[in-house]
Structures are given as structure tokens and as C-alpha cells.
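Trainee: Throw the hints in and build the complete structure from the sequences for me.
There are 2 protein chains.
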Amino acid sequence: MARDSQATRARILEAAFAEFARYGIAGARVDRIAEAAGANKRMIYVYYGNKEQLFDQVIQEALEKGAESVPFDALHLPEYAGAIFDHLTADPRLMRLVMWKRLERPEATALEAGSYERKIASLVAAQEAGRVDAGYAPGDVLALVLGVAQAWFTTGVGPADTADGSSAWPEEHRARHRRAVVDAVARIGAPREG
Amino acid sequence: MARDSQATRARILEAAFAEFARYGIAGARVDRIAEAAGANKRMIYVYYGNKEQLFDQVIQEALEKGAESVPFDALHLPEYAGAIFDHLTADPRLMRLVMWKRLERPEATALEAGSYERKIASLVAAQEAGRVDAGYAPGDVLALVLGVAQAWFTTGVGPADTADGSSAWPEEHRARHRRAVVDAVARIGAPREG
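Each protein sequence line maps, in turn, to chains A and B.
Add 1 to a position in the first sequence, counting from 1, and you land on the number used in the numbering used here.
Add 1 to a position in the second sequence, counting from 1, and you land on the number used in the numbering used here.
Hints may contain errors.
Now the in silico label distances, taken between C-beta atoms and shown as ranges [claimed, not checked]: (1) A:R30 x B:Y117: 30 to 38 Å; (2) A:R43 x B:R180: 53 to 61 Å; (3) B:R12 x A:R12: 44 to 52 Å; (4) B:G136 x A:R43: 56 to 64 Å; (5) B:E15 x A:P72: 20 to 28 Å; (6) A:P171 x B:G67: 27 to 35 Å; (7) A:E53 x B:E53: 20 to 28 Å; (8) B:E108 x A:K42: 27 to 35 Å; (9) A:Y117 x B:E173: 16 to 24 Å; (10) A:R119 x B:A27: 31 to 39 Å; (11) A:A8 x B:R12: 36 to 44 Å; (12) B:V125 x A:A111: 44 to 52 Å; (13) A:A109 x B:V47: 29 to 37 Å; (14) A:R193 x B:P107: 34 to 42 Å.
Pairs of lysine to any residue, SDA-like flavour, derived with a Cα cap of 20 Å [what the hints assert, rightly or not]: (15) B:K120 x A:H174; (16) B:K52 x A:I26; (17) B:K52 x A:A27; (18) A:K52 x B:A27; (19) B:K52 x A:G28; (20) B:K52 x B:L14; (21) B:K120 x A:G157; (22) A:K120 x A:P192; (23) B:K52 x A:Y24.
The hints are simulated quantities; they were obtained by calculation from the structure and are not laboratory data.
C-beta: ideal position from N, C-alpha, C; glycine also.
Mentor: If you want it as C-alpha cells, here you go:
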């Protein structure tokens with residue numbers, strides 16, 4: 002019974018991830034999530050509350066998984082940016098989900114605020130150690146690194162172009178974009194000489 | 002009469018811009034647009050068709066205005082990126098509108114496709130003239146430049162954080178972010194020595 006309920010919850014979250022990535026919060030329909038998960042709608046409300054709360058749960062899981070797969074590394078920013086790019090490429094629905102969040106649930110959660118503060122502290126230390134250009138404020142370095150790593154997904158040229166993330170790049174393009182990410186972040190983060 | 006109708010159309014587009022920037026297409030309500038514009042709902046359908054078509058009109062106007070205020074300049078990419086940043090800072094609703102478009106109406110219009118092709122051609126020429134690093138594919142340069150110029154609006158640290166774009170930065174922050182944009186693009190675009 003307990004195992005059944007755990008399996009149902011997992012199926013609901015998976016179906017919700019797909020639904021929200023495709024339609025956002027306003028456009029998502031709990032009926033469709035219930036149907037895709039083979040669960041009933043009432044159970045979704047019992048487990049997760051309303052549609053916004055279900056979204057919050059989905060995004061929290063996605064961000065936790067992301068932080069786990071791609072730990073922040075202020076001492077190796079180009080590699081970190083490349084790993085973010087890989088993580089987004091592996092499932093372009095993720096970037097869509099994050100964009101919906103930015104638009105429809107913009108308030109930073111405690112999780113996000115804490116994660117931001119830790120990144121800034123690492124960047125300050127990396128700047129003090131002369132490993133990252135100290136000419137930028139640490140928050141600006143972070144914005145630049147993320148802006149570059151996500152550029153192919155946010156500027157209208159990447160696989161986020163399709164609602165279901167189905168249009169992956171040919172491998173040759175993917176590799177070329179990734180090299181550009183890593184190279185650009187290396188240039189941005191490199192301490193100036195003299 | 003003709004003048005009245007022109008004024009009504011302008012008010013509808015303005016109200017639609019605000020509504021779509023805040024709620025996106027799925028979340029927008031034509032009733033609210035009608036009310037804000039002091040127009041009746043039927044007139045909106047007569048002038049612009051359905052909600053999606055009204056959105057297309059709003060985004061097309063915004064992109065045209067943007068291309069006019071910030072002409073692409075492959076020979077001066079840092080200044081171009083700074084100008085994009087200024088344009089987005091002046092009205093953060095614009096970036097929200099573009100993000101909704103990416104999510105809800107991702108197909109490139111003829112206008113966008115043409116504008117992309119012209120930018121690529123200019124970049125190729127700038128690379129051939131040795132003014133932009135030819136180590137990147139021209140499409141990658143464009144993604145990097147736009148990714149950096151928009152970073153403060155797409156990565157969760159900028160004024161796009163509020164649905165109505167009301168939280169502007171203190172001037173000191175704005176100026177610092179802008180310097181980071183210009184500087185980062187200068188580093189990315191600079192041809193490598195030797």
C-alpha cells in the first residue's frame with residue numbers, strides 16, 4: 002500500500018513535470034496530469050495541494066537534482082558552464098520549466114536564496130585567490146556564466162524551440178555550441194594580466 | 002471616426018502589451034485588455050482576431066521597435082550588447098514578453114528569420130575583416146552576445162523578477178551590470194592574437 006502510494010506520487014510528479022514544461026502554470030491542466038499519471042485528480046490535490054503547489058514541488062525537485070548533478074565550482078567556471086549546458090541539453094524541458102517559473106512564480110524560494118548566497122561566497126573566495134577576475138562583482142560573474150551557459154536555450158536558437166523539447170541538435174552542432182560556452186566563460190572569468 | 006479607430010487600436014495594443022507581459026498568452030484575458038483599453042471585447046476580435054493573433058501583433062510591434070532602437074552592429078558588438086541591455090532595462094516587460102513568446106509561440110516568424118539571417122551575414126563579414134573572433138561560428142557569436150546582454154533578465158537576478166517590472170535596480174547596480182555586459186562581450190568577440 003505504502004509502496005503503491007510512493008509509485009503513484011512519482012508518476013504524478015513525472016506527469017506534472019511534462020505538463021508544466023509544456024504549458025506553464027496557467028496553461029497546465031490537472032486533469033491531463035491525472036490522466037497521464039493514471040492517478041485520480043483528487044489524489045493529486047490530497048498529495049500536493051493546488052496547481053501552484055504542485056508546480057513548486059516539481060521545480061524544487063528539478064533544482065535539487067540539478068544542484069546535485071552539476072555542483073557549483075567557482076574555481077573551474079568554464080567546466081561548470083559546460084556541465085550546465087550538458088544538463089540543459091539532456092532534457093530541454095528543464096529550461097522551459099525554469100523559464101515558466103521566472104515568469105509565473107518569480108519569488109525566490111529559501112532553497113534558491115541559500116544556493117545563491119553559497120555561490121557568491123565561493124566566487125568571492127575564488128576572486129581573492131586570484132582565480133577569477135576581481136574586476137567584476139561576484140553576482141555579475143554568476144549572471145554572465147549562467148547567461149552564457151543558457152544562451153542557446155533562452156535566445157531563440159536552441160532546442161527549447163519545441164514545446165516538447167523533441168528537436169535535439171545534430172551532435173556536431175551540440176559539440177560546437179558547448180565549445181563556445183566553455184571558451185567564452187574562460188575568457189570572461191580569466192583574471193586580467195598586470 | 003478614422004482617427005477614433007486609430008486611437009482605440011493603439012490603446013488596445015498598449016493594454017495587450019501590459020496584459021501579455023504580465024500573464025502570457027494562456028493566462029491573458031481579453032476582457033481585462035478590453036477594460037484597460039476602454040474598448041469593447043468584440044472590437045478587439047474585429048481588429049485583431051483571436052488572442053494568439055493579438056499576441057503576434059504585439060510581439061511583432063515590439064520586435065520592430067526594438068530593431069529600430071537597437072540596430073545590429075557586428076563591428077561594435079560590445080556597444081550593441083550595451084544598447085540591448087539598456088533597451089531591456091528601460092522596460093523589463095519586454096523581456097517577459099519575449100520569454101512568453103519563446104515558451105508559447107516558439108515558431109520563428111518571417112520577420113525573425115529574416116532578421117537572424119541578416120545578423121549572421123554581418124557577423125560573417127566582420128569575421129572576414131578580422132574584427133570578430135573567427136574561432137566561433139557566427140551563430141554562436143550571436144547566441145553569446147544575446148545571452149550576455151539578457152543575462153540579468155533571464156537568470157533570476159534582474160528586474161524581470163517582478164511581474165509588472167516595477168522593481169528597477171538602484172542606478173549604481175544598473176551601471177555596474179552594464180559595464181559587465183560590455184566588458185564580457187568585448188572579451189568574447191576579440192580576435193585571438195597570433
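Trainee: Would you pick out the hints that fail for this structure and give their numbers low to high?
Mentor: Per hint list: 5, 11, 13 violated.
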